[in-house]
Every structure is written in C-alpha cells, then in structure tokens.
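Chemist: Chain by chain, the residues:
There are 2 protein chains.
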Amino acid sequence: MKACGLIVEYNPFHNGHQYHLDQAKKVTNADCMIAVMSGNFLQRGEPAIIDKYARTKIALQQGVDIVIELPFVYAVQHSDLFARGAIMTLDALKTSTVCFGSEHGEVNDFIEAYHILELHKDQFHKDLKEELTTGKSFPEASKNAYSTIGLTKGKVDLSQPNNILGFGYVKGIFQTNTPITPVTIKRYKNDFHDQDIAHSIASATSIRKELLAYGKLTSKAVSTLPDMTQKALDQYLLSNGIWHEWEKYFPLLQYRVLTMSHEELRTIHGVNEGIEHRLKRTASQVDSFKNWMETLKTKRYTWTRLQRVFVHILTNTKKDLIQSLLHADEAPYVRLLGMTQKGRAYLKEKKKQIEQPIITGFKKDPGPVLQAEERATDAYYSILPSKQKLKLRKQELEPPIILS
Amino acid sequence: MKACGLIVEYNPFHNGHQYHLDQAKKVTNADCMIAVMSGNFLQRGEPAIIDKYARTKIALQQGVDIVIELPFVYAVQHSDLFARGAIMTLDALKTSTVCFGSEHGEVNDFIEAYHILELHKDQFHKDLKEELTTGKSFPEASKNAYSTIGLTKGKVDLSQPNNILGFGYVKGIFQTNTPITPVTIKRYKNDFHDQDIAHSIASATSIRKELLAYGKLTSKAVSTLPDMTQKALDQYLLSNGIWHEWEKYFPLLQYRVLTMSHEELRTIHGVNEGIEHRLKRTASQVDSFKNWMETLKTKRYTWTRLQRVFVHILTNTKKDLIQSLLHADEAPYVRLLGMTQKGRAYLKEKKKQIEQPIITGFKKDPGPVLQAEERATDAYYSILPSKQKLKLRKQELEPPIILS
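Residue numbers (numbering that gives the first Met the number 0), protein chains in the order written: chain A, 0 to 403; chain B, 0 to 403.
None of these hints come from the bench; they were simulated from the model. Predicted model, so just to flag it, every value in this text is computed and none were measured. Worth double-checking, as some hints may not be accurate.
A pair holds if it fits inside one copy or across any two, identical chains being indistinguishable in the list.
[What the hints assert, rightly or not] DSS-like mimics (lysine-lysine), calculated; alpha carbons at most 30 Å apart, straight line: (1) LYS296 with LYS390; (2) LYS154 with LYS298; (3) LYS289 with LYS362; (4) LYS298 with LYS317; (5) LYS219 with LYS135; (6) LYS279 with LYS25; (7) LYS247 with LYS24; (8) LYS289 with LYS363; (9) LYS386 with LYS279; (10) LYS135 with LYS25; (11) LYS215 with LYS388; (12) LYS363 with LYS298; (13) LYS279 with LYS362; (14) LYS279 with LYS393; (15) LYS135 with LYS341; (16) LYS296 with LYS388; (17) LYS317 with LYS120; (18) LYS390 with LYS279; (19) LYS341 with LYS386; (20) LYS296 with LYS386; (21) LYS93 with LYS279; (22) LYS215 with LYS125; (23) LYS386 with LYS208; (24) LYS135 with LYS393.
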C-alpha cells in the first residue's frame, strides 16, 4: 500500500480541505491518506477552536485514513521548523508522497528554489541577518533576502503563505534526507489570509472569525463547512459551553506574566530582544487579549509572532527545549489519534518498517517532546469547566478513535 | 505619643476584634493604635475574603489609627516567621507595646517560657527533629518537644493556637532585640478554631464559613459583625461579584501545577519531601479545591501546610527568597495602607526616629520583598473580571487611605 501525507490543522475542517483531500487522492492515487494534524495549538499561535479528537473524527469521516498528532513542539513554530517536524512525522510512517496546497502549484519550481537556496546559502543568511538588523519582520526580511539570490516572483513567490509552507516541506524533505516525494496542488480561489467569507470555499481564518464573532453557527459559516464539521462544532459548544479562542485564555496569560520574573520570562521560547520588559509593563494595564496584542504589536513583533510567544508562555515552553530539536532528523514517536479500517491495514502492513514507537496516551516516563505535549494539552483544556476538563483530559489517555 | 501595636488579619473585622481593640487601648493606655495587617493572603494559607483596602477602611473606622501591611513574605508562614516579620514591622514604627490575645492571658508566663526554651534550645531542636522524623505534623512534634523541656500545660499551653502565636511574638521581640513590651489579653470565650457561630463574638473561621457557604450576609453572620464590616462585605460582592476563596483559584492552581515541571515545583517554598510528585499526579484527577485538598491531606501534610504550599505555588514564591529572610532583623520598608488624623500626627512626631522608608504603592525598582508583594497582589486579583482587576490593582499605587 502507498500512502499520501497531508499536513493539516483542520481548524475546522471546511470545504476547501475537502477539495484538497479529494484532489490529493486523485493526483497521487494513494491507497491511504495520512494527515499529520496540529493538536491543541496552531502554527500561527492560536488555540484550536475545538479539541483534537473532535477534529480527528471529522477528518476520518471525510476521507482521511490515519490522523497523527504533529507534536506541539513543532506545531507552533515558524514555517521551517513546523515543516521539518511534519515531514519527520510523515516519514516515520513511511509515507510515499506529501501533497500540499500552494498558491504557485508547480512542485518542480519549489525543488529548483531549494537548490538555488542551497547554492547561495551563505549569501542568503548574511542578507537575512542584515535585513533583520534593520528592524524588519521575519517574513519581510526573508522575502528580501530571497529576492537577492534570485528567488523572485517569476519563480515561486516566497512571500505567499502557502508557498512559504510548501517550500518548508521541500526543504524539510531534503534536509532530513527523507524519501518522500513532494506534490503540490494549486490552491482553490480563496486566499489564506482572507478575512471574509465570499464563497463556499472560504479560508479557515474567515470561517473562525465568523464563528467566534457570533458564538454560533451562522448560515454564512454553514455554507463553508461539511455537515460533520457543523455537527462537531455544535456538539462541542453544547458540551463545553465554549469554542476555544484567545480571549478565554486572557486571564490565565495575564496572571502568568504578572507572576513571572523577567528572568523567568526570558527562559521562554520566543521571548527575545527585551519583549519581556514590555510584556511585564503592559500586563497590568490591559483588559482583553485584543487590547494587549494591539498594545504590544510593532513592525518587528508581528501579530503571529506575539501570539506564538503567548502560546509558549501559556504552555511554559522553554527555549532550551526547542533549541535541542532544531537539528533532530527523526520524530521521537508517532502519536496516533485515529484511523479507519484502511488506515489500520496500512499500519499493519508497514509495522516492521516503522522504527519509532506508535503511541496514543501519555506515558509514565515521557521524553521532553511528549512532556511538552502534556503541558500544552493541560493548558489548552484549562479554561473548561472542571468536569469537562477531566472528561476531555481522559480522552488523551484512551486508544485511538477507530472508524469502522 | 505612645503607640500600641496589634498583629491582625481582620478577615473580616468582627465583634471579637472590636473587643480586643478596645481592651488593648484600655490596658496599654496608648495614644495611637497601630495594626500590622496581612494583605492578600493569610497565615493559614487562605486568600483574604475581601481586599486589604476594604479591610483597612473598616479598621480605621473601628478605632485603629494606622494600618500597615505585613509583607506577604511573612504573612503566609509558620508562627515563628510570621511573628518575627510582624514584630520587625511594628518596631520600625517605634511601637511601645504589642498587645495580643491568647488563651493563657498572662504575659510573664510567655516570657518565662522563652527563657526556658533558650536554656534548653539544643535539646528542644534535637527532640523536635526526632519527632518530625517519626512522621508527626509540625504542631504535634513541637508540642511534644516543648513538653520534654518542661513547657507543659501547667505553664503556657503551647498547643493552643493563640498561645503559639503569642509565644512567637515574644520570641520575635527577644530574638530581634526589639524594645517592644509584650502585653496579652485573655481571649474572650470563643475558640480560634470554632467552626460554628454560637455567640455575637465568634471566630473568624466560623464567620467566613457562614459567609462563603451562603454567598451572602446571613442574619447569623450579621450578629457577629460591626455595621462597617457588613457594609464593606456587601459592597465588595456588589462591585466584584465574588468574595475571595480557594475554590475560585482552583482552575489557576490546577493549570499551574499541570504546566510546571517537577524541578520547577521543587523551587517553590514549602514544596518538600516529594510532595511535588503527589501534586503532579493528583492535579489532573480532581475537580475542586476541596477535592484536591482531601486527596493530598496526610498526617504530616496538614490542611494548613497544604494551603500554604498552594499560596506559594499560586504566587510563584521561591524557597531561596524565604530562606534569605530567615535571619533578617529589620523590615525593609513600612507599607502604609491607611491612617486617621491621630495616626498621621503620630507618624509626624516619630518621623526622625523611623529609619525604614514608608511607602504606599509599588516602586519601579522594588527589592525582593516588595516584588513578592506585587506578585501576591496580582495573583490575588487575578480571579476578578478584567475591569475590576484593573480598578483594584490601581488602588495599590495610590496614596494611603486617610480617615478625617
């Protein structure tokens, strides 16, 4: 059996995801679709709107065969580390291809871009560093540095969010020397960053914005979501009283920053360049997450970067942990969230080739990656009512979801 | 002018406090009554039911002339350190006497007990250590060790809570070489630990129990409280929606323990003898503070000791900070919460003799004691709605309350 890997957040699973999933199946002709999915927190530094098990169930119903958790330590990172973690996780399951959506749509151009970058690596890093020194944000600085070595819009436009991620996957494949073939599908219509819903295929950002603004499923939101997602969102709200969003975590976050010393803040991943002083100074003066973000935002400290810092503060994620992962070239384990019968057959067939342990719950002596996962999980559930917290926490210890 | 010092929590100020205050004035014939009052958290490891400013106002209205904050680092400690901190704070303001309530009621016996203890210090510490090794709680172990050196019930009964505190004050006076004269008043009727209200003078414990069980002022509670206290409690509930109690902090506390490593927990004051393992293990299995406490309680880890540990976790109070204070013999500052015109006149008169800085708000470069105060303050307010949090936090920066 051959497997195609998808790197997803499904936050929540929408019509665009369905389109990509169906296309990926068609294009790769794979026997088994494996999604490596971010768990509690997402790449741009946000809590997932509903928990990972609810999102896993939807994915399985909609045509994914295996859902694995992208370890938290990789999930909330800049595109390179995020991509590397995802590729290593897919590689652990012997996935043949990885199929990603991109604005560009031509995989060979990504590969060429990788080789150009390799050739001019030193120049690129020197330029990037210089650009950053002038106070530019990371996305802007890298866009300029790419341009200097000839990676301009004519080829892959590396200022487009999905191209950046796709380029990360290709780099990850080469850098970890992984036998996965990259495949890309041109993204359908909407822009990753679209803020409003204008079509049945809308960006996850616009869908979340709609859902969270109204605190319920509006007809606009419904038009963009498969039935299963609608049901899951409804059910989550009914059982837990909320969808997860930053504002709900604001009191916790504010409490944490106020009770941490500057020294402690500096040990947190992403707290650099003196941001701890601004965090401490502003913490006792703001009355909402939005208010705090607007107070902190600068050209250099983008919204996404700040949100990631807040995730790391909330989850107590230390610099030294992330530092120790930068050069890892294989996943420490594969955490299986759910599978179909087909997925199960695939795993059975590949069993002997898979070297990493396949786990589900937390273990008694977890390594640092699983330990971080547990912290992130507890931080994620911490805003729920006590009984629900215990209930959802228990899921984390149970066998994977199996769709028959 | 001569001042009499009182060491109080006023949580909340009740008829028994009024009795003690009036008696202390009569017995000492002082011109000025100074109360050193615990701020956010109390000696037995509980959050104050209403904030320190509300409690200060009541105290001033009821006859206290100056209210100073007992620094947080001394407020939530075993009786010796608590007492030492309070005595040092009163000494800073050149208080002539300290007047405490006790079950025993004869101050000379406390002084005699101190000298007996001094004489048999080595024996006492040896016995205490041995008693503790057998797994006894601190109160029980010290009771036995006192008994061995001849401090038995016939003299001061050092198993009675107010005698223990009073003995702490006397020790504090001698150990820091402070020229304060101790005076004691026999406690009126009720027992410190009384759980139920049976009289218009009831224990603060029984009054809080009544208030928190009903979430409002019942007629039983009202019968034990001066009008001012009733009004303040009503007003606090109206403005902030809650009275402070442990259950309200439970989600924060649980979140903290779950996201801290064992190593981090071990740096917290009071986390000893492997309790960090039990804290971590139980944290994801409990659904209320009470439930957690009952799960953790042992003969050795008494209710009070556990509550203090929880205060230190919540406020991020480290072992090394408290360790550095054990041998201090003067207060680093005096934080003035409020005063009457008489109190103001007293301070004016003593101005030149007072060596420590008199402060009100937090400063830009606080020392470790004031820094800990700020953390405790933010932790205390963290459970309030955002707007109220900002409002009450601002009080901490304002000039002292002045009653004209």
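Chemist: State for each hint whether it applies.
Modeler: Consistency of the hints with the structure:
Taking identical chains as interchangeable, the C-alpha atoms of LYS296 and LYS390 lie at most 30 Å apart only when they sit on different chains, with a minimum of 24 Å there against 37 Å within one chain. Taking identical chains as interchangeable, the C-alpha atoms of LYS154 and LYS298 lie at most 30 Å apart only when both belong to the same chain, with a minimum of 27 Å there against 72 Å between chains. In this assembly of identical chains, LYS289 and LYS362 lie within 30 Å of each other by CA distance solely across copies; the values are 28 Å between and 37 Å within a copy. In this homomeric assembly, LYS298 and LYS317 come within 30 Å of each other (Cα to Cα) only inside a single copy, at 25 Å, whereas the closest approach across copies is 37 Å.
Taking CA atoms no more than 30 Å apart as the test, LYS219 paired with LYS135 passes in neither setting, with 37 Å inside one copy and 65 Å between copies. Taking CA atoms no more than 30 Å apart as the test, LYS279 paired with LYS25 passes in neither setting, with 52 Å inside one copy and 48 Å between copies. With identical chains, the CA atoms of LYS247 and LYS24 are never at most 30 Å apart, being 38 Å at best within one copy and 51 Å at best between copies. In the homo-oligomer, the alpha carbons of LYS289 and LYS363 lie at most 30 Å apart only across protomers (26 Å), although the nearest pairing inside one protomer, at 38 Å, exceeds that limit.
Taking the closest pair of Cα atoms, LYS386 and LYS279 come within 30 Å of each other only across two copies (18 Å); inside a single copy the shortest separation is 33 Å, beyond that limit. Neither within a single protomer nor between protomers do LYS135 and LYS25 lie at most 30 Å apart by alpha-carbon distance, with minima of 41 Å and 71 Å respectively. When the C-alpha separation of LYS215 and LYS388 is checked against a cutoff of 30 Å, the pair qualifies both within a copy, at 21 Å, and between copies, at 29 Å. For the identical chains of this complex, LYS363 and LYS298 are inter-copy neighbours only, at 28 Å across copies versus 44 Å inside a copy, given an alpha-carbon limit of 30 Å.
Only between protomers do LYS279 and LYS362 lie at most 30 Å apart by alpha-carbon distance; the minimum there is 14 Å, versus 36 Å within a single protomer. Proximity of LYS279 and LYS393 under a CA criterion of 30 Å is satisfied inter-copy only: 15 Å between copies versus 35 Å inside one chain copy. In this homomeric assembly, LYS135 and LYS341 never come within 30 Å of each other (Cα to Cα): the closest approach is 48 Å inside a single copy and 60 Å across copies. Taking the shortest alpha-carbon separations for LYS296 and LYS388, only the inter-copy value of 23 Å comes in at or below 30 Å, while the best intra-copy value is 32 Å.
In this assembly of identical chains, LYS317 and LYS120 lie within 30 Å of each other by CA distance solely inside one copy; the values are 29 Å within and 46 Å between copies. For a Cα distance limit of 30 Å, the shortest separation of LYS390 from LYS279 across copies, 18 Å, qualifies, whereas the shortest one inside one copy, 34 Å, does not. Neither within a single protomer nor between protomers do LYS341 and LYS386 lie at most 30 Å apart by alpha-carbon distance, with minima of 35 Å and 53 Å respectively. Taking identical chains as interchangeable, the C-alpha atoms of LYS296 and LYS386 lie at most 30 Å apart only when they sit on different chains, with a minimum of 22 Å there against 36 Å within one chain.
Proximity of LYS93 to LYS279 under the C-alpha cut-off of 30 Å is found in neither arrangement, the shortest distances being 46 Å within a copy and 36 Å between copies. Proximity of LYS215 to LYS125 under the C-alpha cut-off of 30 Å is found in neither arrangement, the shortest distances being 49 Å within a copy and 66 Å between copies. Taking identical chains as interchangeable, the C-alpha atoms of LYS386 and LYS208 lie at most 30 Å apart whether they share a chain (28 Å) or sit on different chains (25 Å). When the C-alpha separation of LYS135 and LYS393 is checked against a cutoff of 30 Å, the pair qualifies neither within a copy, at 44 Å, nor between copies, at 36 Å.
Violated hints, in rising order: 5, 6, 7, 10, 15, 19, 21, 22 and 24; the structure is consistent with all others.
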